[in-house]
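J.: Same order as they appear, the protein sequences are chains A and B.
Each residue of the first sequence is one higher than the one before, counting from 1 in the numbering used here.
Each residue of the second sequence is one higher than the one before, counting from 1001 in the numbering used here.
FYI, nobody ran anything at the bench for these hints, they're computed from the structure.
C-beta: ideal position from N, C-alpha, C; glycine also.
Watch out, some of these pointers could steer you wrong.
Here are some chain B residues pointing at chain A (derived, C-beta under 8 Å) [unchecked claim]:
1. Ser1008
2. Ile1121
3. Ile1166
2 protein chains.
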Amino acid sequence: MNSKDRFSEQQKAKVREIEEILKTFLPKEEGYQKIIMEAMEYSLLAGGKRLRPMLMQETYLLFSGGVKRKEDADALHSFMAAQEMIHTYSLVHDDLPAMDNDDYRRGRKTTHVVYGEDMGILAGDALLNYAFETAALAFEDRTADAAKVGRALGILSRKAGIYGMIGGQVIDVKETGHEVSGDMLDTIYKLKTSALIESSMMIGAVLGGAEDADVKAVERIAGNVGHAFQIQDDILDVTGQEEALGKPVHSDEKNKKTTYVTLCGISEAKRIVEEKSREAISGLKDLPGVNEYLEQLLLYLINRER
Amino acid sequence: MNSKDRFSEQQKAKVREIEEILKTFLPKEEGYQKIIMEAMEYSLLAGGKRLRPMLMQETYLLFSGGVKRKEDADALHSFMAAQEMIHTYSLVHDDLPAMDNDDYRRGRKTTHVVYGEDMGILAGDALLNYAFETAALAFEDRTADAAKVGRALGILSRKAGIYGMIGGQVIDVKETGHEVSGDMLDTIYKLKTSALIESSMMIGAVLGGAEDADVKAVERIAGNVGHAFQIQDDILDVTGQEEALGKPVHSDEKNKKTTYVTLCGISEAKRIVEEKSREAISGLKDLPGVNEYLEQLLLYLINRER
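So that you can see chain A by itself, here it is in the shape it has in the complex (with noise of 0.2 Å):
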């Protein structure tokens, strides 16, 4: 088996992984008000790679040693799945039809139109006030630190907020149709896209027991990887093939959305992407602790081809 092949095998299993954990911190689906655990369920599960837990888990494994500490067991798993909460809510609402009126996302149903506008509303509700009832699970067990439990909850909520996701969120809502400036469009990267990945790597980093300041150093590197993401999906819109990407290509361009690559250029694009990769896994190497799958993970988020 080749590099590549393994990365894809272990990838999967870590998935597999996640989804099991996810799924032990869905609600049950009882009581008068059952169908919003089943809307929620509906939209939590529907698919996807689960990139934020996965990278939650695997920077709190760079920090640890490799291992995952007991003590530590029970706060991470629900920081992973609070974030992917918070991923899913985010997700319901932009599809609302005030928003992007979406009715599928990832060839299903979108959650609002199997359950109406009012309960796609409820939902997304639901999904992000579960998120910090699931977080908060982490203060019940005893035998984690209440003040490290802190930290990562302000992490996580600083960067799904007005200066990080839902901050990315309106600017790029309230600009549709005009134009954007490349400071505007880095700040519309910077929240919309890389806030999550950089909270959920700060958040494995400090349940992981690292210092302040590679915490820090956390935030750059999942700021580069972030940004170089969001470049990523600018030049596949432009040089994929929509077979691959299972979504349209040259959208942005029927949008008449600005992208990297309508302000400089797809070669300067992939010069940029390749300049924040290089900083990103040089940054990695400087921590101390050694994870080579979070190295193979953001290259592969990086230099993916869909």
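Chain A is already provided as a structure; the job is to place chain B on it using the hints.
T.: Showing chain B alone in chain A's frame:
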């Protein structure tokens, strides 16, 4: 000044104090995403009785011996603001076209009417997320006890979610136009109204240093208050004066809504309010500590005429 007037003066002063606290937690209006900070402020500073943060602070004072301890003040204030943000986000989303479709609230245009439906959704999300960001600030305060703050955060999230406020909204939305049983009506009231009153008082108790058994007792008191409050609402819809209430009366009848009055008649509904009220006050008197203003506040909530 009679005792009713004195209470009313005290209440006004306390509302002003709480609004000053709220303002210190509002995000600065800056950055490309500035519009979302404006929408959050517009929603949060729309007036109101500030009941939930007031109940939190007064319950805290009951357990702290009537003084705001220096080491608790920051944590208490951040949870008071967080709770009001959660209450406010629920109103913003409730008013959306796909939900109650209300253009006005307390005589002002609703958030989505002023900022657009997409920003209405995002402003609600932003307030909910920012609530947890604000509560998590308490972990940065090194004088605060992280385990205690963690317990408060668990209560804040749980009572706002699918086993609390959101759960109640889900049942309410789902059952609109259907016949509702007494048990289901109790569940809606318990979740939709009581849950946030419970968490407000419980968090105040936890931060004030209450024992587990006393936090449980506070939960029962708050449950009775919330229940009585909601039944009183049903009664006022039939007996109240439109002018005093500031909203149309007989709306439940027009909307064919099941209420305590339709289920068991006015006099029985009044008797239940009386009973719950007595239970709440007797529970309050059993707690270690005294807060006369809190007792008056609970009675005011239950027996209000508007």
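J.: Given Ile1121/B as an interface hint, is the shortest Cβ-Cβ distance to chain A below 8 Å?
T.: holds, 6 Å
J.: Verify the interface restraint on Ile1166/B: the C-beta must sit less than 8 Å from at least one C-beta of chain A.
T.: holds, 5 Å
J.: Was the hint right that Ser1008/B lines chain A, CB cutoff 8 Å?
T.: At about 35 Å, which exceeds the 8 Å cut-off, the nearest Cβ of chain A leaves the hint on Ser1008/B violated.
Of the numbered hints given earlier, the model fails hint 1 alone.
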